[in-house]
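Construct all of the structure, not just a fragment, from the sequences and the given hints.
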Amino acid sequence: MKPGVRLMARMIGKLLGWKLRGAAWPHPFSDRASGEPKYPVTVLSTAERDALRPLCGPRPARA
Numbered sequence: 000m001k002p003g004v005r006l007m008a009r010m011i012g013k014l015l016g017w018k019l020r021g022a023a024w025p026h027p028f029s030d031r032a033s034g035e036p037k038y039p040v041t042v043l044s045t046a047e048r049d050a051l052r053p054l055c056g057p058r059p060a061r062a
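For the sequence shown, counting from 1, position 53 maps to 52 in numbering that gives the first Met the number 0; every step adds exactly one.
No lab work stands behind these hints: they were computed from the structure.
Take these hints with a grain of salt, some might be off.
[Unchecked claim] In silico SDA-like cross-links for lysine to any residue, where the CA-CA straight-line distance does not exceed 20 Å: (1) 18 x 40; (2) 18 x 8; (3) 37 x 23; (4) 13 x 33; (5) 37 x 24; (6) 37 x 47; (7) 18 x 29; (8) 37 x 13; (9) 18 x 2; (10) 18 x 31; (11) 13 x 2; (12) 18 x 0; (13) 18 x 1; (14) 13 x 3; (15) 13 x 25; (16) 37 x 22; (17) 13 x 26; (18) 1 x 17; (19) 18 x 33; (20) 37 x 51; (21) 37 x 52; (22) 37 x 27; (23) 1 x 12; (24) 18 x 30; (25) 18 x 44; (26) 13 x 24; (27) 37 x 26; (28) 1 x 13.
[Stated by the list, open to error] Label-pair distances were calculated between CB atoms; the ranges are: (29) 36 x 1: 38 to 44 Å; (30) 20 x 60: 24 to 30 Å; (31) 29 x 9: 35 to 41 Å; (32) 23 x 54: 30 to 36 Å; (33) 37 x 5: 35 to 41 Å; (34) 8 x 31: 28 to 34 Å; (35) 5 x 61: 45 to 51 Å; (36) 18 x 46: 24 to 30 Å; (37) 54 x 22: 34 to 40 Å; (38) 28 x 59: 23 to 29 Å; (39) 42 x 13: 29 to 35 Å; (40) 60 x 25: 35 to 41 Å.
Built from N, CA and C at the ideal position, the CB exists for glycine as well.
What follows is the structure, encoded as structure tokens:
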């Protein structure tokens with residue numbers, strides 16, 4: 000068996016095991032009982048993203 004195939008099979012097995020055992024919980028951003036987000040979801044406008052863009056990346060500008 001090729002190493003890549005073995006690795007993929009192992010990863011799939013681990014993910015299925017976690018899912019079946021419920022090990023994916025507690026999730027920090029969702030309520031387990033309802034499945035709803037614990038915190039409000041916000042989407043930045045284009046202007047907000049453009050304002051933050053210089054502060055991100057490998058060489059951010061000073062704030």
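Now the hints, each set against the structure:
1. Taking the CA atoms of residue 18 and residue 40, the gap is about 25 Å. The hint is violated against a cut of 20 Å.
2. As the CA atoms of residue 18 and residue 8 are separated by approximately 15 Å, the hinted pair is consistent with the 20 Å bound.
3. Between the alpha carbons of residue 37 and residue 23 the distance comes to roughly 16 Å, so the proposed pair stays at or under 20 Å and holds.
4. For the suggested pair residue 13 and residue 33, the alpha carbons sit about 25 Å apart, so the restraint of at most 20 Å is broken.
5. For the hint pairing residue 37 with residue 24, the CA-to-CA distance comes to about 14 Å; that is within 20 Å, so the pair holds.
6. Annotation: proposed proximity of residue 37 to residue 47 is violated, straight-line Cα distance about 23 Å (limit 20 Å).
7. Annotation: proposed proximity of residue 18 to residue 29 holds, straight-line Cα distance about 16 Å (limit 20 Å).
8. For the given pair, residue 37 sits about 27 Å from residue 13 by alpha-carbon distance, which is inconsistent with the 20 Å threshold.
9. A hinted pair counts as satisfied when its Cα atoms are at most 20 Å apart, and residue 18 with residue 2 does not qualify at roughly 24 Å.
10. Pair hint residue 18 plus residue 31 holds up; C-alpha atoms about 14 Å apart against a cutoff of 20 Å.
11. As the CA atoms of residue 13 and residue 2 are separated by approximately 17 Å, the hinted pair is consistent with the 20 Å bound.
12. For a cut-off of 20 Å, the pair hint linking residue 18 to residue 0 is broken: about 26 Å separates their Cα positions.
13. Of the pairs offered as hints, the one joining residue 18 and residue 1 is violated, with about 26 Å between alpha carbons and a cut-off of 20 Å exceeded.
14. A C-alpha spacing of about 15 Å is found between residue 13 and residue 3, which places the hinted pair at or below 20 Å, so the restraint holds.
15. Restraint check for residue 13 and residue 25: satisfied, since their Cα atoms lie roughly 17 Å apart, inside the 20 Å limit.
16. Proximity of residue 37 to residue 22 is assessed by CA-CA distance (about 19 Å); at most 20 Å being required, the pair is judged to hold.
17. As the CA atoms of residue 13 and residue 26 are separated by approximately 17 Å, the hinted pair is consistent with the 20 Å bound.
18. For the proposed pair residue 1 and residue 17, the alpha carbon gap of about 25 Å is over 20 Å, so the pair is violated.
19. Taken as a hint, the residue 18 and residue 33 pair is honoured in the structure, with Cα atoms around 17 Å apart against an allowance of 20 Å.
20. For the hint pairing residue 37 with residue 51, the CA-to-CA distance comes to about 25 Å; that exceeds 20 Å, so the pair is violated.
21. A hinted pair counts as satisfied when its Cα atoms are at most 20 Å apart, and residue 37 with residue 52 does not qualify at roughly 27 Å.
22. Using a Cα cut-off of 20 Å, the hinted pair residue 37 and residue 27 holds, with the two alpha carbons roughly 8 Å apart.
23. About 17 Å separates the Cα atoms of residue 1 and residue 12, which keeps this hinted pair within 20 Å; it holds.
24. Taken as a hint, the residue 18 and residue 30 pair is honoured in the structure, with Cα atoms around 16 Å apart against an allowance of 20 Å.
25. The hinted pair formed by residue 18 and residue 44 fails the criterion: a straight-line CA distance of about 35 Å is larger than 20 Å.
26. Proximity of residue 13 to residue 24 is assessed by CA-CA distance (about 15 Å); at most 20 Å being required, the pair is judged to hold.
27. Simply put, residue 37 and residue 26 have alpha-carbon atoms about 10 Å apart, close enough for the 20 Å limit, and the pair holds.
28. About 19 Å separates the Cα atoms of residue 1 and residue 13, which keeps this hinted pair within 20 Å; it holds.
29. Between residue 36 and residue 1 the CB atoms are about 40 Å apart, so this pair conforms to the stated range of 38 to 44 Å.
30. A hinted range of 24 to 30 Å is violated for the C-beta pair residue 20 and residue 60, which are about 46 Å apart.
31. The hinted window of 35 to 41 Å between residue 29 and residue 9 is violated, with their beta carbons roughly 27 Å apart.
32. For the hinted restraint 30 to 36 Å between residue 23 and residue 54, the CB-CB distance of approximately 32 Å keeps it satisfied.
33. For residue 37 paired with residue 5, a C-beta distance near 38 Å keeps the hint of 35 to 41 Å intact.
34. Between residue 8 and residue 31 the beta carbons are some 29 Å apart, a value that agrees with the proposed interval 28 to 34 Å.
35. Restraint check, residue 5 to residue 61: a C-beta distance of roughly 48 Å satisfies the suggested window 45 to 51 Å.
36. Between residue 18 and residue 46 the Cβ separation comes to about 40 Å, which falls outside the hinted range of 24 to 30 Å.
37. With their beta carbons about 36 Å apart, residue 54 and residue 22 fall inside the hinted range of 34 to 40 Å.
38. The given range of 23 to 29 Å is respected by residue 28 and residue 59, whose C-beta atoms sit roughly 25 Å from each other.
39. The given range of 29 to 35 Å is respected by residue 42 and residue 13, whose C-beta atoms sit roughly 33 Å from each other.
40. A hinted range of 35 to 41 Å for the beta carbons of residue 60 and residue 25 is consistent with their spacing of about 37 Å.
Of the numbered hints stated above, those contradicted by the structure are hints 1, 4, 6, 8, 9, 12, 13, 18, 20, 21, 25, 30, 31 and 36, listed in ascending order.
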